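**Q** Chains A and B, in that order, give the protein sequences. According to our numbering, the first sequence is numbered sequentially starting from 1. According to our numbering, the second sequence is numbered sequentially starting from 1.
Note that these hints are calculated values from the structure, not bench results. These numbers were taken from a predicted model, which means no experiment stands behind them. The reader is advised that the hints may include incorrect statements.
Think about it this way: if two alpha-carbon atoms lie no more than 27 Å apart in a straight line, the pair counts; the simulated DSS-like pairs of lysine-lysine are [what the hints assert, rightly or not]: (1) A/Lys56 with A/Lys71; (2) A/Lys37 with B/Lys9; (3) A/Lys37 with B/Lys14; (4) A/Lys110 with A/Lys54; (5) A/Lys68 with A/Lys54; (6) B/Lys71 with A/Lys98; (7) B/Lys57 with B/Lys14; (8) A/Lys68 with A/Lys56; (9) A/Lys5 with A/Lys71; (10) A/Lys98 with A/Lys56; (11) B/Lys70 with A/Lys98; (12) A/Lys5 with B/Lys83; (13) A/Lys110 with A/Lys5; (14) A/Lys98 with B/Lys57; (15) A/Lys71 with A/Lys110; (16) B/Lys83 with B/Lys9; (17) B/Lys9 with A/Lys98; (18) A/Lys98 with A/Lys68; (19) B/Lys57 with B/Lys70; (20) B/Lys70 with B/Lys9; (21) B/Lys57 with A/Lys5; (22) B/Lys83 with A/Lys98; (23) A/Lys68 with A/Lys110; (24) A/Lys37 with A/Lys71; (25) A/Lys5 with A/Lys56; (26) A/Lys5 with A/Lys54; (27) B/Lys71 with B/Lys57.
The following label-pair restraints were derived from C-beta to C-beta distances [to be verified]: (28) A/Ser28 with B/Gly98: 34 to 44 Å; (29) A/Pro82 with B/Asn18: 34 to 44 Å; (30) B/Lys57 with A/Asp31: 19 to 29 Å; (31) B/Ser73 with A/Tyr39: 24 to 34 Å; (32) B/Ile60 with A/Pro40: 19 to 29 Å.
Under 7 Å between C-beta atoms, here's a sample of chain A residues computed to sit facing chain B [what the hints assert, rightly or not]: (33) Tyr39; (34) Pro44; (35) Ser51; (36) Asn97; (37) Gly102; (38) Ala103; (39) Gly104.
Note that the Cβ used here is the ideal one computed from N, Cα and C, for glycine as well.
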Amino acid sequence: DQQVKQNSPSLSVQEGRISILNCDYTNSMFDYFLWYKKYPAEGPTFLISISSIKDKNEDGRFTVFLNKSAKHLSLHIVPSQPGDSAVYFCAAREYGNKLVFGAGTILRVKS
Amino acid sequence: DGGITQSPKYLFRKEGQNVTLSCEQNLNHDAMYWYRQDPGQGLRLIYYSQIVNDFQKGDIAEGYSVSREKKESFPLTVTSAQKNPTAFYLCASSTGQGLDEQFFGPGTRLTVL
Chain A
1 DQQVKQNSPS
11 LSVQEGRISI
21 LNCDYTNSMF
31 DYFLWYKKYP
41 AEGPTFLISI
51 SSIKDKNEDG
61 RFTVFLNKSA
71 KHLSLHIVPS
81 QPGDSAVYFC
91 AAREYGNKLV
101 FGAGTILRVK
111 S
Chain B
1 DGGITQSPKY
11 LFRKEGQNVT
21 LSCEQNLNHD
31 AMYWYRQDPG
41 QGLRLIYYSQ
51 IVNDFQKGDI
61 AEGYSVSREK
71 KESFPLTVTS
81 AQKNPTAFYL
91 CASSTGQGLD
101 EQFFGPGTRL
111 TVL
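Next up, chain B with everything else stripped away, as it sits in the complex:
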């Protein structure tokens, strides 16, 4: 079955630690995205990548970093510079062509203790 996987489902970290969230897709999509969802708010774009080895900052990129070394993988690192990292993180992918929708993974809930 084609889809997007995110791991882990729940993640806890201590303040001051970096943590990397995994996102893998086997849909052969060129474009991948990372969003953050906070209670009562919509999804806000952190980073996106339209092709391998290229990525752009979204609306709230500060304190985050990404890489896109493989088409199927787009890991997100939450650094200690991110002031409010506790949130629900969602990864998505799309073909990047025409009027296409983004497909979302199940999400990772990150809690900073």
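With the rest of the complex left out, here is chain A:
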């Protein structure tokens, strides 16, 4: 039973446009959400996070939105750049600092 779901396996966006990656979760006890970016054969790198007491967090081109009532979060990248092409993982924190990861979304930014 997947507690964190990324229902879109892939997304293709034109350079300069907005990329929106979505994530749904089922466990209302999650208190912290993170997005990681991963290139092939490398470890994930932390991108941005949001606490469950907030509904938005922004860092440069990256913004994460949290809708607790819908148990949904999204990552917006604007403007998208070719270097943003990677796999993006959504993760949620449960007890003991354990993270539960989604299956990932492959983002391709076309120039």
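Using the hints, position chain B against chain A.
**A** Coordinates of chain B only, in the frame set by chain A:
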């Protein structure tokens, strides 16, 4: 530079052999984690340790073992009991305090021949 190192990058083993994957961090982090990634799947937690000399099973601990004798080191042994050991293995660490993110190493690709 502070960071997490994993060695080797690529590892091959024969069926029935145990193999140990190394993970070292110099970030002075208390917590360390081992994940496994398979194609088309997210990262799944194998084991984690929140403090030296203590560790807990994650979601898929069967066929794996760990030790945490030093703060900076958290080696993972893939035993012959692990039915499908071929995967990409990732080690991570965090402060273990508050709302902190986990930092990941570069990973080890294990292939069982």
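**Q** Determine for every hint whether it applies to the structure shown.
**A** These are the hints, each one checked on the structure:
1. A/Lys56 with A/Lys71: holds (14 Å)
2. A/Lys37 with B/Lys9: holds (19 Å)
3. A/Lys37 with B/Lys14: violated (32 Å)
4. A/Lys110 with A/Lys54: Since the Cα atoms of A/Lys110 and A/Lys54 sit roughly 32 Å apart, the hinted pair is violated (cutoff 27 Å).
5. A/Lys68 with A/Lys54: holds (9 Å)
6. B/Lys71 with A/Lys98: holds (18 Å)
7. B/Lys57 with B/Lys14: Within the cut-off at roughly 25 Å; holds.
8. A/Lys68 with A/Lys56: holds (11 Å)
9. A/Lys5 with A/Lys71: holds (11 Å)
10. A/Lys98 with A/Lys56: The given pair, whose Cα atoms are some 22 Å apart, holds under the 27 Å limit.
11. B/Lys70 with A/Lys98: holds (21 Å)
12. A/Lys5 with B/Lys83: holds (26 Å)
13. A/Lys110 with A/Lys5: Roughly 25 Å between the alpha carbons, so the hint for A/Lys110 and A/Lys5 holds.
14. A/Lys98 with B/Lys57: holds (11 Å)
15. A/Lys71 with A/Lys110: violated (30 Å)
16. B/Lys83 with B/Lys9: With a Cα-Cα distance of about 22 Å, the restraint between B/Lys83 and B/Lys9 holds, given a limit of 27 Å.
17. B/Lys9 with A/Lys98: holds (25 Å)
18. A/Lys98 with A/Lys68: holds (20 Å)
19. B/Lys57 with B/Lys70: The given pair, whose Cα atoms are some 18 Å apart, holds under the 27 Å limit.
20. B/Lys70 with B/Lys9: Given that 27 Å is the threshold and the Cα spacing comes to 22 Å, the pair holds.
21. B/Lys57 with A/Lys5: Status holds; Cα separation ~23 Å.
22. B/Lys83 with A/Lys98: holds (24 Å)
23. A/Lys68 with A/Lys110: violated (32 Å)
24. A/Lys37 with A/Lys71: holds (21 Å)
25. A/Lys5 with A/Lys56: holds (20 Å)
26. A/Lys5 with A/Lys54: Given pair A/Lys5, A/Lys54 holds - Cα atoms ~20 Å apart, limit 27 Å.
27. B/Lys71 with B/Lys57: Given pair B/Lys71, B/Lys57 holds - Cα atoms ~18 Å apart, limit 27 Å.
28. A/Ser28 with B/Gly98: 34 to 44 Å: At roughly 21 Å between Cβ atoms, B/Gly98 and A/Ser28 fall outside 34 to 44 Å, so the hint is violated.
29. A/Pro82 with B/Asn18: 34 to 44 Å: Roughly 43 Å apart at Cβ, these two residues keep to the hinted range, so it holds.
30. B/Lys57 with A/Asp31: 19 to 29 Å: Holds, since B/Lys57 and A/Asp31 (Cβ atoms, about 22 Å apart) stay within the stated range.
31. B/Ser73 with A/Tyr39: 24 to 34 Å: holds (26 Å)
32. B/Ile60 with A/Pro40: 19 to 29 Å: holds (22 Å)
33. Tyr39: Status violated, d = 10 Å.
34. Pro44: holds (5 Å)
35. Ser51: This hint holds: A/Ser51 lies near chain B, its Cβ roughly 6 Å from the closest one there, short of 7 Å.
36. Asn97: holds (6 Å)
37. Gly102: holds (5 Å)
38. Ala103: Hint holds; A/Ala103 Cβ to chain B Cβ min 5 Å, cut 7 Å.
39. Gly104: Holds - the Cβ of A/Gly104 comes within 7 Å of chain B, reaching about 6 Å at its closest.
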